[in-house]
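**Student:** Here is what each chain is made of, one letter per residue.
Protein chains: 2
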Amino acid sequence: MRKTSELGERKLIEIIKNCLEMMPEAAVPFGDDVSAVQFDQNKVAVIKTDMLVGKTDVPEGMTLRQAARKAVVMNISDFAAKGVSPAAILVSLGLPRNYTENDVQQLALGLNDGAREYGTYVVGGDTNESSDLVISCSLLGFCNSQILVKRSEAKPGDIVAVTGEFGKTAAGLKILLEKIVVPEKIWNPLTEAVFTPKARLKEGIALAETGALSASIDSSDGLVWSLHELSVASNVGFRIDKIPVASEVIDFARTFHLDPFELALYGGEEYELVVIVKPDLWDKAETAVTNLGTKLTKIGVAIKEKKLELKLQDKALTLKPRGWEHFKS
Amino acid sequence: MRKTSELGERKLIEIIKNCLEMMPEAAVPFGDDVSAVQFDQNKVAVIKTDMLVGKTDVPEGMTLRQAARKAVVMNISDFAAKGVSPAAILVSLGLPRNYTENDVQQLALGLNDGAREYGTYVVGGDTNESSDLVISCSLLGFCNSQILVKRSEAKPGDIVAVTGEFGKTAAGLKILLEKIVVPEKIWNPLTEAVFTPKARLKEGIALAETGALSASIDSSDGLVWSLHELSVASNVGFRIDKIPVASEVIDFARTFHLDPFELALYGGEEYELVVIVKPDLWDKAETAVTNLGTKLTKIGVAIKEKKLELKLQDKALTLKPRGWEHFKS
Numbered sequence: 379m380r381k382t383s384e385l386g387e388r389k390l391i392e393i394i395k396n397c398l399e400m401m402p403e404a405a406v407p408f409g410d411d412v413s414a415v416q417f418d419q420n421k422v423a424v425i426k427t428d429m430l431v432g433k434t435d436v437p438e439g440m441t442l443r444q445a446a447r448k449a450v451v452m453n454i455s456d457f458a459a460k461g462v463s464p465a466a467i468l469v470s471l472g473l474p475r476n477y478t479e480n481d482v483q484q485l486a487l488g489l490n491d492g493a494r495e496y497g498t499y500v501v502g503g504d505t506n507e508s509s510d511l512v513i514s515c516s517l518l519g520f521c522n523s524q525i526l527v528k529r530s531e532a533k534p535g536d537i538v539a540v541t542g543e544f545g546k547t548a549a550g551l552k553i554l555l556e557k558i559v560v561p562e563k564i565w566n567p568l569t570e571a572v573f574t575p576k577a578r579l580k581e582g583i584a585l586a587e588t589g590a591l592s593a594s595i596d597s598s599d600g601l602v603w604s605l606h607e608l609s610v611a612s613n614v615g616f617r618i619d620k621i622p623v624a625s626e627v628i629d630f631a632r633t634f635h636l637d638p639f640e641l642a643l644y645g646g647e648e649y650e651l652v653v654i655v656k657p658d659l660w661d662k663a664e665t666a667v668t669n670l671g672t673k674l675t676k677i678g679v680a681i682k683e684k685k686l687e688l689k690l691q692d693k694a695l696t697l698k699p700r701g702w703e704h705f706k707s
Numbered sequence: 379m380r381k382t383s384e385l386g387e388r389k390l391i392e393i394i395k396n397c398l399e400m401m402p403e404a405a406v407p408f409g410d411d412v413s414a415v416q417f418d419q420n421k422v423a424v425i426k427t428d429m430l431v432g433k434t435d436v437p438e439g440m441t442l443r444q445a446a447r448k449a450v451v452m453n454i455s456d457f458a459a460k461g462v463s464p465a466a467i468l469v470s471l472g473l474p475r476n477y478t479e480n481d482v483q484q485l486a487l488g489l490n491d492g493a494r495e496y497g498t499y500v501v502g503g504d505t506n507e508s509s510d511l512v513i514s515c516s517l518l519g520f521c522n523s524q525i526l527v528k529r530s531e532a533k534p535g536d537i538v539a540v541t542g543e544f545g546k547t548a549a550g551l552k553i554l555l556e557k558i559v560v561p562e563k564i565w566n567p568l569t570e571a572v573f574t575p576k577a578r579l580k581e582g583i584a585l586a587e588t589g590a591l592s593a594s595i596d597s598s599d600g601l602v603w604s605l606h607e608l609s610v611a612s613n614v615g616f617r618i619d620k621i622p623v624a625s626e627v628i629d630f631a632r633t634f635h636l637d638p639f640e641l642a643l644y645g646g647e648e649y650e651l652v653v654i655v656k657p658d659l660w661d662k663a664e665t666a667v668t669n670l671g672t673k674l675t676k677i678g679v680a681i682k683e684k685k686l687e688l689k690l691q692d693k694a695l696t697l698k699p700r701g702w703e704h705f706k707s
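Line by line, the protein sequences give chains A and B.
Just so we're aligned, residue 379 is where the first sequence starts under our numbering, counting upward by one.
Just so we're aligned, residue 379 is where the second sequence starts under our numbering, counting upward by one.
There's no promise every hint is true.
Copies of one chain are not kept apart here, so a pair can be met inside one copy or by any two copies together.
Claimed, not checked - The calculated BS3-like cross-link candidates involving lysine-lysine, where the alpha carbons are at most 27 Å apart (straight line), are:
no., residue 1, residue 2
1, LYS620, LYS381
2, LYS533, LYS381
3, LYS563, LYS689
4, LYS580, LYS676
5, LYS576, LYS395
6, LYS381, LYS673
7, LYS580, LYS698
Simulated from the structure, these hints should not be mistaken for laboratory data.
With the rest of the complex left out, here is chain A:
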């Protein structure tokens, strides 16, 4: 019988889902970035849980404080994708027996950093003994059911757009894992992306409020994988004709003879938003994000044919749906 290591995270989720009875009339389909429960005629409570495990999610050089902050940020990012403000955070910790008082303080300070940075608080939790460091965060928020942007309503003709630039986290991880020596002016921004990722919460909330989005997701499993998820949920394809790659990534890739697009397309743990915008509301969406000092870049269009096509200059190719996956990566 196959082991988890052969099955991979996505197959495991399918196996688990098949054993669960589904909540009837769930406000959000199982498998979206968040879950939601209706508590009023048009209001939902939104919840999310995401676990960080030291062994797989904390690269060498990242402090415990940064790791704990990241555990919060990766949850906030899913709320950002749906346009929901977090009201409270719970944290379950698994701590190795050899952690010191200072280690635990650093973790708690990192949790508080992440929470306060996004205007919320850690309101409770649980502490356990475990072999690995485990930080399992859960978020609660409230929003109008109309506001909540799902993955499933992109239509052919809709505009595909992203916040920010791509590739920094993948490049930074490569530098850290392979101990590549690079000049400080490249090392700093690329490892900063790994150590102190930011969630696009303000941008996500502003975008959702415009009513311009037909679908959205964060790019935490990689840009291509995010597009693949949107494609499956919305039953459309995407033709991508632009990839905003960070200039430091281009420099880094040039020096080490790497493909900058590979870093930008398939790197995970990058917390930008990938949004599908109704064409007639594009200006409204763009203005909402620009007003926050962030760039919203059109990268393509939703198409009827269910495939991911990349067309850069004169080359066209079909993107394979792969991305970061636990057990396999």
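Dock chain B against chain A, hints included.
**Tutor:** Positioned in the frame of chain A, the structure of chain B alone reads:
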């Protein structure tokens, strides 16, 4: 510097709490069985997270399906203590690489068992790779702020009462851990208490609805520890004059020359309710529980002096506040 193994779970929680900024005007104090966020003039969303780690929380002989069910039940029990019905469950899993497809199915079925048994559903989650089995559940519910029973409002003169009987889980764990050979008629109920614990959800909801409770908690860290927590939060003491010990526990203790009260007072992972009842509403509280086919037993009274006194027949002694604690137990 001290390690987690020397500090113990309770000291760790204190260290963590001291590093966190507290939410102003939180609906429930930090450290209660659940957390709550007000979303309407008199309504709160209630949340809870509790993690099960295979290494410390799953004794030999317990199946993965039972372990996953238990991870849900221990969270439900905290909702039960506060009188809150669960609306949805999230689950973050940490799975070892050598787990098979069947192992994962068994876990998912156990999660579903626990959820459906208490009228709710698993609505989302996260899957990760870890060295230990880790099951981190989070619960969401809604209730009237007046309904939510805290730990902190017991008054001298209030009646101390418990649901059910005590000692079965401690005895069952002893049998399993020390591989003690006992007759089937004792083995079955005692190990059943370990493998298939039940949360007193209906009883907790019915009790909260009577308005008769001034404080409550579940007994998951042991009866004495629960009384200690209520004592600290409410700034009162308790004089206990009765301990409902299960008859199988008395039989087992007699055979093996053990103290049945030790098993009943200090065993953890037992999910009864420990409630403090306003004396004039005792009949209402008792009827609410009896109507569900469960016994509510008066075990003592809240006193002004902040101590835990046990008075059985002619012996009186002061109970030391100890109980189940991760890292120390």
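**Student:** Hints first: check each against the structure and report whether it holds.
**Tutor:** Hints, verified against the model:
{"no.": "1", "hint": "LYS620 <-> LYS381", "result": "neither (39 Å within a copy, 51 Å between copies)"}
{"no.": "2", "hint": "LYS533 <-> LYS381", "result": "neither (38 Å within a copy, 55 Å between copies)"}
{"no.": "3", "hint": "LYS563 <-> LYS689", "result": "neither (31 Å within a copy, 72 Å between copies)"}
{"no.": "4", "hint": "LYS580 <-> LYS676", "result": "within (19 Å within a copy, 53 Å between copies)"}
{"no.": "5", "hint": "LYS576 <-> LYS395", "result": "between (30 Å within a copy, 24 Å between copies)"}
{"no.": "6", "hint": "LYS381 <-> LYS673", "result": "neither (43 Å within a copy, 46 Å between copies)"}
{"no.": "7", "hint": "LYS580 <-> LYS698", "result": "neither (31 Å within a copy, 51 Å between copies)"}
Violated hints, listed in ascending order, are 1, 2, 3, 6 and 7; each of the other numbered hints is respected by the structure.
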